[in-house]
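Protein chains in written order, with the numbering used here: chain A, 1 to 119; chain B, 120 to 257.
Note that these hints are calculated values from the structure, not bench results. C-beta atoms are modelled at their ideal positions from N, C-alpha and C, and glycine is treated no differently. Don't take every hint at face value.
Claimed, not checked - Facing chain B, a subset of chain A residues (Cβ under 8 Å, in silico):
| no. | residue |
| --- | --- |
| 1 | Glu29 |
| 2 | Thr88 |
| 3 | Leu116 |
Claimed, not checked - Computed footprint of chain A on chain B, listed as stretches where at least three residues anywhere in the stretch have a Cβ under 8 Å from a Cβ of chain A:
| no. | region |
| --- | --- |
| 4 | 126 to 136 |
| 5 | 143 to 152 |
| 6 | 180 to 194 |
| 7 | 225 to 238 |
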Amino acid sequence: MKWLLLSIVVTATALSDLLQSHEMKKAGEQSVGARGLARLLKTIAMRRYLILSIVCLAISFFAFMALVQAEPLSFAVPASASSFILETVLAKFVLKEHVGVRRGAGALLVLGGVMLLAR
Amino acid sequence: MRDNSGARFRTYSLLGLFVFLRPLGNLSLAWGTKHFPQVLSLNPAVYLRAMVDPFVALGIGMLILALLTRMALLSLADLSFVLPVTAIGYVLATLFGQVFLHEAVTLQQWLGSVLIFVGTGVVGTTSQNTTTPGEGSE
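Work the whole structure out from these sequences, hints included.
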């Protein structure tokens, strides 16, 4: 059951992040001050892909909630972070971001760290 | 050159806020769910009852604010920049797990934390935004 929950967390998180990154870049710079939050919420309400990204995030969240109850936090959090490798690849090929040597090497170091953390 | 000091400062301010909000939210959520008497299943009523728990509610509140902060961050920086840099939060989550939930953290896990710390630093030296700047609301 824990691997099924983990798969749901990873897939839904990756889809959510791709949609968010694409839409937020299009929306322009945002902030989280009092006025910035109001503008951000308005932006979310006006963009259907951002709403879809939040639905994906909600699915990921409920799966994570069940996972964190059954497994130690020190497993659940780093294990669910494995989604970021999938997302880095998708960011390069789908979002056309420049993932150079330093960024790639840094991401691999983080992956190594996450794998050690996950035991 | 797309990066400028103002945008970089705003990016790191949002990063700092996010990096603390998420592990604190996860900690509160974990504390609340671990002390919740029922097993969370596919039944939504059980989830709704769990959300009334103050620690679960506080955790959800902090995670919602963390989500909005991260969305603002993604308006300024690449996804492939944000993902490894925010991974520093997992080090904090491990630390909080040990200190507050009394979970055992091994030497191997601390080594993992060091790798994440170094990797985050390396990615932090790259340009935060390599795609086209925001076009503004349509």
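List in ascending order the numbers of the hints, as given earlier, that are violated by the structure.
-> Result: no hint breaks.
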